[in-house]
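Visitor: Read off the chains here:
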Amino acid sequence: MRKKKIITYLAALGFILILNFLLPRLLPGDPFMAIYGEEAALSLSEAAKEELRAKMNLDKSLIAQFKVYLLTLAKGDLGYSYALNQPVRTVISKVLPWTLLLVGSALILSTLIGLILGIESGWRRGTRADRWILLTVVGLSALPNFLIGILLLLFFAVQLGWFPLGGAVTPYSGFTGTAYLLDVFKHLFLPLLALTLAQVPRSYLLTRASVLGNLSYPYVRTAAAKGLKPLQIRYKHVGRNSLLPISASLGVSVGSALAGSLFIEIVFSYPGMGSLIHQAIAQRDYPLLQGILLVIALTVILANLATDILASKIDPRIRKE
Amino acid sequence: MVDYQAKKEFLASFLASKEIILGGCLAIILAASFLILPWLLKGDPYQTSLNIFTPPNKEYLLGTNDVGQDILAGLLLGGQNSLKVAVGVGILSTCLAVGFGVLAALVGGRLDTFIMRMIDIILVIPNIFIIILVSAYLKPSLGLEIILISLLTWLGGARVIRAQVLSLKERTHVYAAILFGANLAYIFFRHILPELIPLVLSIFLQGARRAIFMEAALGFLGIVDPNVISWGTMINQSLNFFYLDVWRWWLLPTAGALSLSLISLTLIGRGLEETFISNSERRSKIATDQ
Chain Z
437 MRKKKIITYL
447 AALGFILILN
457 FLLPRLLPGD
467 PFMAIYGEEA
477 ALSLSEAAKE
487 ELRAKMNLDK
497 SLIAQFKVYL
507 LTLAKGDLGY
517 SYALNQPVRT
527 VISKVLPWTL
537 LLVGSALILS
547 TLIGLILGIE
557 SGWRRGTRAD
567 RWILLTVVGL
577 SALPNFLIGI
587 LLLLFFAVQL
597 GWFPLGGAVT
607 PYSGFTGTAY
617 LLDVFKHLFL
627 PLLALTLAQV
637 PRSYLLTRAS
647 VLGNLSYPYV
657 RTAAAKGLKP
667 LQIRYKHVGR
677 NSLLPISASL
687 GVSVGSALAG
697 SLFIEIVFSY
707 PGMGSLIHQA
717 IAQRDYPLLQ
727 GILLVIALTV
737 ILANLATDIL
747 ASKIDPRIRK
757 E
Chain F
39 MVDYQAKKEF
49 LASFLASKEI
59 ILGGCLAIIL
69 AASFLILPWL
79 LKGDPYQTSL
89 NIFTPPNKEY
99 LLGTNDVGQD
109 ILAGLLLGGQ
119 NSLKVAVGVG
129 ILSTCLAVGF
139 GVLAALVGGR
149 LDTFIMRMID
159 IILVIPNIFI
169 IILVSAYLKP
179 SLGLEIILIS
189 LLTWLGGARV
199 IRAQVLSLKE
209 RTHVYAAILF
219 GANLAYIFFR
229 HILPELIPLV
239 LSIFLQGARR
249 AIFMEAALGF
259 LGIVDPNVIS
269 WGTMINQSLN
279 FFYLDVWRWW
289 LLPTAGALSL
299 SLISLTLIGR
309 GLEETFISNS
319 ERRSKIATDQ
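So the protein lines, in turn, are chains Z and F. All residue numbers for the first sequence refer to my numbering, where the first residue is 437 and numbers rise by one. All residue numbers for the second sequence refer to my numbering, where the first residue is 39 and numbers rise by one.
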C-alpha cells in the first residue's frame with residue numbers, strides 16, 4: 437500500500453518534469469525563447485545565447501537535453517529569470533513565506549470552520565438549520581475563488597475602505613514590532629477570508645457526509661444509552677471519527693488551497709507565488725513560470741505523502757489495507 | 039430502465055427534486071438569453087468607439103469599457119463562448135470517462151491496472167496547474183481549450199464509472215446474458231449503459247461546470263487566445279479600473295452571469311446526486327474532488 441502510493445507520487449513528479457521539459461521544446465517556434473523567456477531572447481547577445489544553447493545541449497538529441505535538464509535540477513538550480521535578473525530559486529524563496537502564511541492559515545481556519553459546521557449540520561440532519569447551512573455552503577462552493585476575492589475587495593476595501601487595497605505590508609512604513617504585525621494582519625485579512633470561504637465547502641461537505649454515515653453506527657446509541665450529553669457524543673465520539681476522512685484528504689486540500697491562493701493573490705496583489713505566476717505569464721518569463729509550478733507540484737506531492745503517513749498513524753484500519 | 043414504467047419513474051424522480059428544477063430553469067434561461075439576445079440587440083462586441091466608460095444608457099444597456107466596446111454585447115458573446123466550452127467539454131470528457139471506465143472494468147486485468155494507475159498519477163497534481171502551464175505556452179483558442187480541459191477532467195469520472203460497471207457486472211442478468219453467448223458490446227449497450235445514465239449525467243454536469251470555471255480562470259490569468267472574448271478576460275480587464283465606477287456595470291454583471299451559470303449547474307448536479315447516487319459514493323467523490 438505504502439509502496440504503491442510512493443510509486444504514484446514519483447510518477448506524478450516525473451509527469452510534471454517531462455511536461456516541463458517537452459512543452460517548450462516540441463512547440464513550433466523558437467525553443468530558445470520558450471525555454472529562457474522573452475527577455476533572454478530579446479536582450480542576450482548571440483554569443484551568450486550560443487553559450488546557453490551549448491550548456492543545455494539544445495543542439496543535441498532530446499535525450500541528451502533531458503539528461504542535462506535533470507542534472508541541473510538535481511543541483512537545486514531552477515534556472516534564471518532574465519526578466520527579473522535573478523536566479524529563479526532566489527525569486528521564489530522571497531515570495532514563498534507569504535504564500536505559506538496565506539495558505540497555511542486558510543487551511544487551518546477552513547478546516548476548523550468546516551468541521552464545526554459539518555458536525556452541527558449533520559447532527560441536525562433534515563432540519564431547517566441543516567438545510568440552510570447546506571444550501572449556503574453549496575452556493576459558496578459554486579463561486580470561483582477569484583470572484584469571492586473580487587467581491588470582498590470591492591466591498592470592504594474599495595467601498596468601505598476598511599482594509600488596504602493590496603500588498604502584504606505598507607511599503608516604506610518602517611513599522612516594527614506590534615505595529616508591523618498589525619500591518620501584516622490587516623493586509624492578510626481579506627485574502628485570508630476569501631481563501632477560507634473558498635475552502636470551507638470542501639471540509640464542510642466531507643464532515644457532514646461522514647457524520648451522516650457515523651450517526652447510524654451502534655456506538656452512537658451506546659454513548660447515548662450511557663447517558664452522555666449530546667455535546668459529548670457530537671464532538672468526542674462522532675466528531676472524532678469524522679476527523680478521519682478530513683485528515684485523509686488533507687493532501688488534496690493543500691493542492692486545492694494552493695490553487696485557490698494563486699487566484700486570490702492576484703486579486704489582492706498579495707506578493708506570493710500566485711502574483712509571481714501572473715507576472716511571469718505577462719512577461720513570458722518561462723523559466724520562472726516553470727520553476728514556480730515545479731515547486732508547487734513538489735509541495736503538493738510532499739503534502740500528500742505526509743497525509744498518507746499521518747492517516748495511517750491515526751487510523752490503524754488504513755495500515756491493514 | 040428497460041421498460042416503460044421504469045422510464046416514467048426515472049423522469050418522475052428527476053422532476054421531484056427542487057434543486058434540479060431550479061437549476062434547470064436557471065440554466066435554460068441563461069443559455070436562451072446568450073443565444074437569442076445577440077440577435078435582438080445587434081451590438082458588436084469587437085467594435086471600438088470614442089465613447090469610453092459610458093454609463094448604461096439606451097444605446098449601450100450596460101455602458102462601454104475602456105476602449106468604447108459595448109459591454110452587454112461582450113457579456114453575451116462571452117456567455118456563448120462559455121456555453122460552447124461547457125457543452126464541448128461536457129460531451130468530450132463524458133465520452134472519455136465512459137469509454138475508459140467501461141474499458142477498464144469490462145476488460146480488466148493489466149489494461150484495468152494500467153488505466154487506473156495513469157489516472158491516479160495525473161490526479162496527484164491539481165489539474166489547474168497543468169492547464170496553466172500548457173496554456174501559458176499555447177494561448178489556446180476555444181477549440182483547443184475544450185480539448186485541453188477535457189483531457190484533464192475525465193479522470194475522476196472514469197473512476198466512478200469503472201466502480202459502477204464492476205458492480206453491475208456481478209448482477210445476475212448480466213451473467214445470464216453472458217451465458218446466452220452475448221458479446222461485450224451487446225452486454226454494454228443493452229444491460230450496462232442504461233443503468234449508467236444518472237452517473238453519466240452527473241459526470242457531464244461536473245465537466246461542464248469545471249469547463250466554465252477553467253475557461254474563466256484562464257481568461258482571468260490572460261492565457262487564452264486574446265481574440266476570444268471571455269468572461270474571465272472581461273473580469274480581469276475591469277479589475278484594472280476598480281477605482282472608477284465602471285465596475286458597477288462592467289465587473290458586476292459579468293461576475294453575476296458567471297456565478298449564476300456555475301450555481302445552476304451545481305444545483306442540478308447536487309439534485310441528481312441526491313436522487314440517484316448513494317451517500318458513500320458521494321463521500322468518496324467529495325474527498326477526491328479538487
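Don't read these hints as lab results, they were simulated from the structure. It cannot be assumed that every hint is accurate.
As the list claims (entries may be wrong) - Covered stretches of chain Z (in silico footprint by chain F; criterion: 3 or more residues with CB under 8 Å from a CB of chain F, positions within the stretch not fixed): (1) 523–534; (2) 575–583; (3) 661–670; (4) 673–679; (5) 735–744.
We put the CB at the ideal spot given by N, CA and C, even for glycine.
Visitor: Of the numbered hints stated previously, which ones are contradicted by the structure, given in increasing order?
Guide: 1, 3, 4
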